[in-house]
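**Student:** Spelled out, the chains give:
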Amino acid sequence: MKKKLPLVQKVFTTNSFLVERTLPEEGEIFVKTGENVEPFTKIGGTKVSYFKVKIPQEFVLKKPIDTFIEKGIEIGEYKKNAIRIVRLYASFNGFIRKDANGYYFEQDKVNFSLLSGLWGEVKEVLANKSVLIQGSATIVYFAASTPHDAEGELIVFPNPSEILEDPYFNNFTKEIAGKVIYTGYFVKLNNVKKAMNLGVKGLIAGGCDKTTLEFAKANNFALGAISGFGRIPTPQEIFDLFNSVANRYIFIRGKKGEIFIPSDRKFSKLVNKEKLSLFSEPKSGMIVQVLERPYFGWMGTLEDEEKDRFRVRLHQGGKIIYAKPTNILVLDF
Amino acid sequence: MPVLSIDYSRGSATALLVNDDLSYKVSRLPLMSPNIFYANRPSKTQEFLRLLSELEEELDIKIQDKLLIYAATTTDLGVSVKNCRFCSKDEAFRSLYPIDFRYFSHLHVGSSAGVFFEDKNFAAVKKELFFDEKEETLKNYFENLNLYPYIEASSDRDIYEELYYLKEIARTNCPLIPQGNVMEPKTIIFSTTRTVDEERLLARFMLLALDSLCSFGFYNFKFDFSNFLGSSSALSFFENELFQKISMPKFISLGSVVNLADDLTCEIDSGTGTIEDFRVEKGELFTRPLTSGESVVLKVGSKRFGAFEKVVPGGVFGIVLDTRDKDKEKDYPLAQKKLFVKSWEDQLVSVSRAF
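Sequence lines, in order, name chains L and E.
Under my numbering, the first residue of the first sequence carries the number 5, and numbering increases by one thereafter.
Under my numbering, the first residue of the second sequence carries the number 3, and numbering increases by one thereafter.
One or more hints might be untrue.
Stretch-level coverage of chain L by chain E, calculated; a stretch enters the list once three of its residues show a Cβ under 8 Å from a Cβ in chain E [to be verified]:
(1) 9 to 23
(2) 232 to 243
(3) 296 to 302
These aren't lab readings, by the way, just hints derived from the structure by calculation.
We treat Cβ as the ideally placed atom computed from N, Cα and C, and that holds for glycine.
So that you can see chain E by itself, here it is in the shape it has in the complex:
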């Protein structure tokens, strides 16, 4: 029986339709909040049914047919629909273990560790911003996003405020501390409910991904641009066996990340007989183009973390050596912050353009 697995978020929903032959399709739709319709506001059930009817059109299916529906939600919708089962996103994301993934949407950040935050520390977000903004204006903006959660960022100011908000939550959620074996490469898949459809936005998303890291070490970043993992989490929770049988889509490789806040001495052996050696000072974001099909041997030396040698694969942003002391960024003067953010973004954009 086909299965429809839905990631029901504030402002948007992503649905994964898995057919009997295990082929699948992912579709993302904006979700209007019932509250904006005032007197004729639909109930949560009507709102959910409306989504299903839109999905019928979008995915060319008939909900009345034999079809199982699983939905992961942040709050209990109190909805009863035939053949449909609900679970919390927390449970659903946890069921994806051991896949390590981070999930970014408008107003919450989750991870496969199953943590959700809606803690609104606007003073901290304001400190992160590199442009002058009143705390009250920030607060009003996010409260308006609560009223109209489907609206999309329309300017750089909106995008940065949302990114720094997410970054603040990600850091509060997961402060950067040395843990485990820093030498063990880890793969993290980043999912999002937002549309990331141009290079600068992808560079900003990469910066957010870098800032959400919980520990020092070697990482391989992948980008789940269609929110496949978010949408399949309900399926994974209710029918993990079926979820295991589906072949995952090819996530976009964002690149290899070395996250060590220290002065680094580096060597890259690309196997062509030439060795590149260079130094990266503490506080930099260094990038070296490397396409996703390629891999090189990277040697890194650090006083604090020791010496390592790894075979690292490439990606959109190649190899990223991140030696920034992120906790100190908040204290930089505004003008310096602006220069830094612009230079980091430009650096990521230029390396992504190298392909």
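This is chain L alone, in the form it adopts within the complex:
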């Protein structure tokens, strides 16, 4: 058995992060090529509706199609039985619409402002549609993710948050629509469904069930697991990074499994990816990730080698465990 351990860098920095900021519908672009922008620079604007609710076919509509209905007004009703009538009320201002799948209730279009989301320079403008911006960013890699993109303000739940996760999700309001949430060590399928219904753009967790990832993928939702499948703690260094950029606009590139966190400064020391070693001789004091159950994904410090296993002191609780060399990753932050 080779005693070299794989050396993994889950966090990188770049000065050539390119983002295309696109209007959801054709509108107006306010910036020109060569201009410098900041995250809250308004670079474009249009009108857009965020919510669409399908109206079940058994409902008898109270108003004709394309009529404006105010929030709280009845949209339709149906007689469930002799004594019960089910009524559907508008949960936002909007219009009754119809397409090939039947009736739906669409939110009235509201003003949408396209913000830059990052510090950088405008490289290209596509009239009425999009802006290409180049900036600096820190990249965090997912172990597994759905192939969908998302962007939005980052909300960070405490870490670990397994107990807190449900109350947090239950207390959500529509105000978190359009945001990206770091949910803690683990995200349940139910909470992914809730987040999707609330208009959350993307979720990040230490781990999630494979079924949850499959569900998110099938529903075009951006979901990423930092360390793998199951209840897996997020490395403290990565959680600290998220915490330090809470409320900042971030970007998820699902296909490549990347989270881009824009930076307001250029990085002076960039890592040359080509020259990075993939393996390292084990040394005591190295920060490692254990890939053995029941501590799969846990972080620890490498202490020593005993027989054919390595002694690792887990960061959580300080427990000593012994892991096979094939089941250890050295993490370099």
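Once you've looked at the hints, dock chain E against the given chain L.
**Tutor:** Here is chain E on its own, set in the frame of chain L:
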């Protein structure tokens, strides 16, 4: 010109170096998945070249020298390396015919019939387990093995989950049905990419081998512990003549297996003048020590299959009379399953310790 024949699997690679004088050496190395290196992830070509450089060190060779490389892979690596040719494992294993062998690795089971499966029926695997496990946990475990395919099982729970997963695939691949002449003894060689380095693991591997049988009858089980057949399959595909010239290693004889799901009346004549006679009820796993150098005459009587008499050789597990109705095992209560598996394992371990 020397030839390097490689079995390139998920998580590990086995290489066979055949020299001009037909002497050879087999070496097995873990393979890290490029994906875990994220931004600096090597390409498949770089990953393959890294394996070659490790093999240079391991086998004390120079890849730049005149050396032909053949590699059997499960997927097209899209790699172009001088003097190197690739083929699919399916084709490579088929070229080993008429050698009958089964091949077990982490996430796929193959055979010389050229069948690969990655069908993941976790509900069926869960039903096989004798301990309580959530289907989602099982699924997560195997998906993590997909992310980090080189990691090794580190507990009994991991080992059993992998074994039952393989067993489920083996059975789906090859359901147990009466076929051909059950009386014709067949030799099956079992290869594996995993390390089987202690007696209980070998007993578990033997159970997996028994459960992967496709038909009733008489078998002679051999164990290719270094994965010689897996690693030589690419050579067999590209240069079958050279493959035929190599003298095969002495595979470990696991023993003689009688796989008949019925009540059996048996007689063993070891040629010493004494005859042992006994009955084996349906649903048992009966073992009788017999060293690999020895052989005895075994007479078996069965209502369903008739009466037979065979000279059977011994092995690590001696003679194994397997009358289990394997299709019914899934329906046993958990506690009973646990007892059964433990008793079967203990039985195999104790017979292997008899030597």
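**Student:** For each hint, tell me whether it holds in the structure or not.
**Tutor:** Each hint, compared with the structure:
1. With 5 residues having a beta carbon nearer than 8 Å to a beta carbon of chain E, the stretch 9 to 23 of chain L meets the requirement of three or more and the stated coverage holds.
2. Counting residues of the stretch 232 to 243 of chain L whose C-beta lies closer than 8 Å to any C-beta of chain E gives 3; at least three are required, and the coverage claim holds.
3. Here's how the stretch 296 to 302 of chain L fares: 3 of its residues keep a CB closer than 8 Å to some CB of chain E, so the rule of at least three is met and the hint holds.
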